[in-house]
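**Student:** Construct the entire structure; sequences and hints are all you get.
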Amino acid sequence: MAVRKGLLGKEEALKVAEKVLSMSPGELTEVSVRGGVSNLTRFSDNYIHQNVSESGQGVTVKVIFGKKIGTASTNSLDGDSIKETVDTAARIAQLQKPNDEFNGIPGPATYHDVKTFFDSTFDFSPMDRAKAVKVVVDAATAKGFKAAGAYTSAANEVCLANSLGLRAYHASTTGNLRTVVMSGTGSGYGDASAMDVAQICPHGVATTAVEKCEMNQNPVSIPAGEYEVVMEPHAVAEMVGYLVRAGFSAQAVSEGRSFLVGKLGQKLFAGMFSVWDDGLDPRGFPMPFDMEGVPKQKVVLVENGVAKELLYDFRTARKEGKQPTGHGGFGGWGPMAANMFMAPGQATMEDLIKNTRRGILITRFHYTNMAHPMRVLVTGMTRDGTFLIEDGKITKPVKNLRFTESALRVFGIVDDATKEAVRAGRAVVPAIHVPAFSFTGVTEF
Amino acid sequence: MKELTVLALEKAKRLGASYADIRIVDKKQESVRTKNGNVESMGSSRSKGFGVRVLYNGAWGFSSSSMVRPDEVERVAEEAVVIAKASATVKRDRDIVLAPQKPIVARWESKLEIDPFEVKAEDKIKLLLEADRLMRGNKGVRVASGGISALREEKVFASTEGSYIEQVKTETGAGIEATAADKGELQRRSYPTSAGGDFASKGYELVDSQKLLDHAERVSNEAVALLSAKQCPPLTTDLVLDGSQLTLQVHESCGHPIELDRVFGQEAAYAGTSFLTPEKLGSFRYGSLNVSIVADATIPGGLGSFGYDDEGVPAQRTVIIDRGMFRNYLTSRETAQELGQVSNGTARADGWNRIPIIRMTNISLEPGDWTLDEIIKDTKEGVYMLTNKSWSIDDKRLNFQFGVEMAYEIKDGALGSMMKNANYTGITYEFWRSCDAIASKKEWHLWGLPNCGKGEPGQAAHVGHGTAPARFRKVKVGVGKWQ
Numbered sequence: 001m002a003v004r005k006g007l008l009g010k011e012e013a014l015k016v017a018e019k020v021l022s023m024s025p026g027e028l029t030e031v032s033v034r035g036g037v038s039n040l041t042r043f044s045d046n047y048i049h050q051n052v053s054e055s056g057q058g059v060t061v062k063v064i065f066g067k068k069i070g071t072a073s074t075n076s077l078d079g080d081s082i083k084e085t086v087d088t089a090a091r092i093a094q095l096q097k098p099n100d101e102f103n104g105i106p107g108p109a110t111y112h113d114v115k116t117f118f119d120s121t122f123d124f125s126p127m128d129r130a131k132a133v134k135v136v137v138d139a140a141t142a143k144g145f146k147a148a149g150a151y152t153s154a155a156n157e158v159c160l161a162n163s164l165g166l167r168a169y170h171a172s173t174t175g176n177l178r179t180v181v182m183s184g185t186g187s188g189y190g191d192a193s194a195m196d197v198a199q200i201c202p203h204g205v206a207t208t209a210v211e212k213c214e215m216n217q218n219p220v221s222i223p224a225g226e227y228e229v230v231m232e233p234h235a236v237a238e239m240v241g242y243l244v245r246a247g248f249s250a251q252a253v254s255e256g257r258s259f260l261v262g263k264l265g266q267k268l269f270a271g272m273f274s275v276w277d278d279g280l281d282p283r284g285f286p287m288p289f290d291m292e293g294v295p296k297q298k299v300v301l302v303e304n305g306v307a308k309e310l311l312y313d314f315r316t317a318r319k320e321g322k323q324p325t326g327h328g329g330f331g332g333w334g335p336m337a338a339n340m341f342m343a344p345g346q347a348t349m350e351d352l353i354k355n356t357r358r359g360i361l362i363t364r365f366h367y368t369n370m371a372h373p374m375r376v377l378v379t380g381m382t383r384d385g386t387f388l389i390e391d392g393k394i395t396k397p398v399k400n401l402r403f404t405e406s407a408l409r410v411f412g413i414v415d416d417a418t419k420e421a422v423r424a425g426r427a428v429v430p431a432i433h434v435p436a437f438s439f440t441g442v443t444e445f
Numbered sequence: 001m002k003e004l005t006v007l008a009l010e011k012a013k014r015l016g017a018s019y020a021d022i023r024i025v026d027k028k029q030e031s032v033r034t035k036n037g038n039v040e041s042m043g044s045s046r047s048k049g050f051g052v053r054v055l056y057n058g059a060w061g062f063s064s065s066s067m068v069r070p071d072e073v074e075r076v077a078e079e080a081v082v083i084a085k086a087s088a089t090v091k092r093d094r095d096i097v098l099a100p101q102k103p104i105v106a107r108w109e110s111k112l113e114i115d116p117f118e119v120k121a122e123d124k125i126k127l128l129l130e131a132d133r134l135m136r137g138n139k140g141v142r143v144a145s146g147g148i149s150a151l152r153e154e155k156v157f158a159s160t161e162g163s164y165i166e167q168v169k170t171e172t173g174a175g176i177e178a179t180a181a182d183k184g185e186l187q188r189r190s191y192p193t194s195a196g197g198d199f200a201s202k203g204y205e206l207v208d209s210q211k212l213l214d215h216a217e218r219v220s221n222e223a224v225a226l227l228s229a230k231q232c233p234p235l236t237t238d239l240v241l242d243g244s245q246l247t248l249q250v251h252e253s254c255g256h257p258i259e260l261d262r263v264f265g266q267e268a269a270y271a272g273t274s275f276l277t278p279e280k281l282g283s284f285r286y287g288s289l290n291v292s293i294v295a296d297a298t299i300p301g302g303l304g305s306f307g308y309d310d311e312g313v314p315a316q317r318t319v320i321i322d323r324g325m326f327r328n329y330l331t332s333r334e335t336a337q338e339l340g341q342v343s344n345g346t347a348r349a350d351g352w353n354r355i356p357i358i359r360m361t362n363i364s365l366e367p368g369d370w371t372l373d374e375i376i377k378d379t380k381e382g383v384y385m386l387t388n389k390s391w392s393i394d395d396k397r398l399n400f401q402f403g404v405e406m407a408y409e410i411k412d413g414a415l416g417s418m419m420k421n422a423n424y425t426g427i428t429y430e431f432w433r434s435c436d437a438i439a440s441k442k443e444w445h446l447w448g449l450p451n452c453g454k455g456e457p458g459q460a461a462h463v464g465h466g467t468a469p470a471r472f473r474k475v476k477v478g479v480g481k482w483q
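Protein chains in written order, with my numbering: chain A, 1 to 445; chain B, 1 to 483.
Rather than coming from a laboratory, the hints here were simulated on the basis of the structure. Be aware that a few hints might be false.
Only some residues are given here: those of chain B computed to face chain A with a beta carbon under 10 Å [said to hold, decoys possible]: (1) Asn36; (2) Gly43; (3) Ala80; (4) Val82; (5) Ala84; (6) Thr89; (7) Arg142; (8) Glu252; (9) Ala269; (10) Phe284; (11) Ser392; (12) Asn399; (13) Asn423; (14) Thr425.
For lysine to any residue, the following SDA-like pairs were computed, each having C-alpha atoms within a straight-line distance of at most 25 Å [what the hints assert, rightly or not]: (15) Lys85/B / Ala154/A; (16) Lys393/A / Glu211/A; (17) Lys48/B / Asp78/A.
Listing some non-contacts, in silico: residues in chain B with all C-beta distances to chain A over 10 Å [what the hints assert, rightly or not]: (18) Glu3; (19) Ala106; (20) Gln266; (21) Pro300; (22) Gln316; (23) Arg317; (24) Lys389; (25) Lys411.
Every residue, glycine too, gets a C-beta built ideally from N, C-alpha and C.
**Tutor:** Right, here's the structure in full:
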């Protein structure tokens, strides 16, 4: 990859990393060098109300004496700032108490090559973003609606190095267009994201949101209670995310905070439910290594309903005599999934609706939060298109509902999924049918 | 610094900007975090950069960079104009106009007694590890953790209208937490409150005043006791909230809906809008006569206090809800102008690489004249809930649900059994209209939250909320299936 304005490029980033390593007095040293350019055009009420760009770099250094660790970071890459940062990290380390949990740093590794940098995204200009926004705004205006949303295009790089010889560099681009199209009495949602902005179709995003908004006019109130549900991929991805975060971190299991304590290898979910994390799969947002420099591996978390494997960072893996899986670098949070996939089914979206006697179609959730991690009990609201399904047909839009439901139950009883899985946030998932789902409250719109 | 600001503003003007401002920000942070007898992390970070905001042809452009040097300042100013030109291709039927603001030349600095950056790291570690040891004295505790952090932000703001403002703000925060888990149950207690503790625009005297060690054993004992506590049953009953939980209630159901940019739909695709549409201004009964809420960025030591906002507007005290009636929004220069007002000074940016957007300052529930004891004694049947654990609210800020760390049943004017997994839900204005008792100034505390999320790209604001325990009638508690 050629050197780009706002990015350091591999050669320069490695040079900075080597400089840090050469300055460090530590017995062991880890350094990460980051660079990036991020642009965002934000619109509401059918006009661009915010349009921003940022470019920046940074260095974080971890200096280690025995089991004493100090960390410091700066976003100035001049020699004096780097020296000051290394000295600060070393000073902090010397002041530390030994951390009994520290068990070393990863050694050198070889990485898969994944194509994640696209010139089309890097070169996407403010005017290009404005043109895409105008497509969405025009589509909304044509129906008398108002569009809000954002178009983001970004390029990021990370270079990791340590005193054991680990050297890793990776650059990537991302683009994301999303919109909520609104009338006075309803709204609809559409989005698309890709590493290559050429894959993002503003017309498609606009059409999805406008059509959903048209369907979602003058919603009626229905009582809270248990309903069958059809969840579109964004809603599914949120529930999968809660399940994986709460349960599949080896750290959470070792600290007794996971529902998987003593249950690995057991069938805990519906037979059709399989989930894995694969950092190299280009259908998501791949990356060859985690933020500790450990190569990404595919980890099967649930296979045909059976809880199979856990995610490990370097520390938890060493502690338990396992291999790290490439899910580290999140500090005290422990290992995390970043590129999740749920196995699709055989159905179409029409099938899921047709097979629902009386239920709710959920477009997506809003402001969800974990109410109880061991039970993976999650609460949140529906938004931007909630519909009543009666006798296999969508009959009317309904006012948004609050749910308080366990992801363990959802994926324990899920009984159908679409054959198409799509990217939704950090996961690639199908739409699903769940025979019972607890709505616990209603709102006024 | 002055030269760099002149370079940026002159460049923007030369390129046709009708207005421009620049902020140069240098932020330094230090933190120590302990967990289960070890120092989990100890670090220092520094972030320096600048952002230039311009109005060109009635539309906004903003660009920023971490390289604070003359050539980059000029490049970024030019880029901001290029971006604004793109914005101008998708405009409304009118230009963006800013409410008037007199040019200000000033310097402001937050007050502190003990500089947290001068306190020895060994002392911070010793305090946290001792609290950790005390918490793990109860063998039912699986995770004991604690943290102390300090932040100093030095900031220069300059605008083409002639303002030049320098500000230095220092913040300190600390907290401890114990997590107990057994047989499929998990409970935690924290002090002084959850989500990292309590924060303020003060020095290390804040940490000294918290007396973490005095609370460590209680926190761990409560976490373990909660494992076998009674499950909070589903009821509609009277609800008494402690100050720390009320903080989140005020934050989510008062602080966010009064942001005028949200009302105008500028957050619609992300955090949502607000039920408080402009026709409600001055005429909507938000709460009972007991409920008065004030936004005050001038309170000494408040985490949401400052001298001037990031548009150069002086910090102010604004009555938001006066004895239950909705009176004012939080505004910026752009949004205030839409209502024919001037800004009340709440536009703030999270660092050099973000634009100012409307943020809460110190949004506080004014104290009443009760004591917590009197409120409990006056409650025949109800639930007393303490310390936030989870939060959720719909995208117009109406239907909310909060979970708390711990609760007690109230029977015949006295606290009864401890209860776990307690939560409550309601509709914002119905809830505030049911408020019939608020404790007095003696039990009022200004809490600091350093993690209020809003905006795209994401911005974390540091805000304050003053609260005292209060009672709400006929609230739905114990939501969800827990058996």
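**Student:** Starting from the hint list further up, note which numbers the structure goes against and sort them upward.
**Tutor:** Violated hints (numbers, rising): 10, 20 and 24; every other hint is consistent with the structure.
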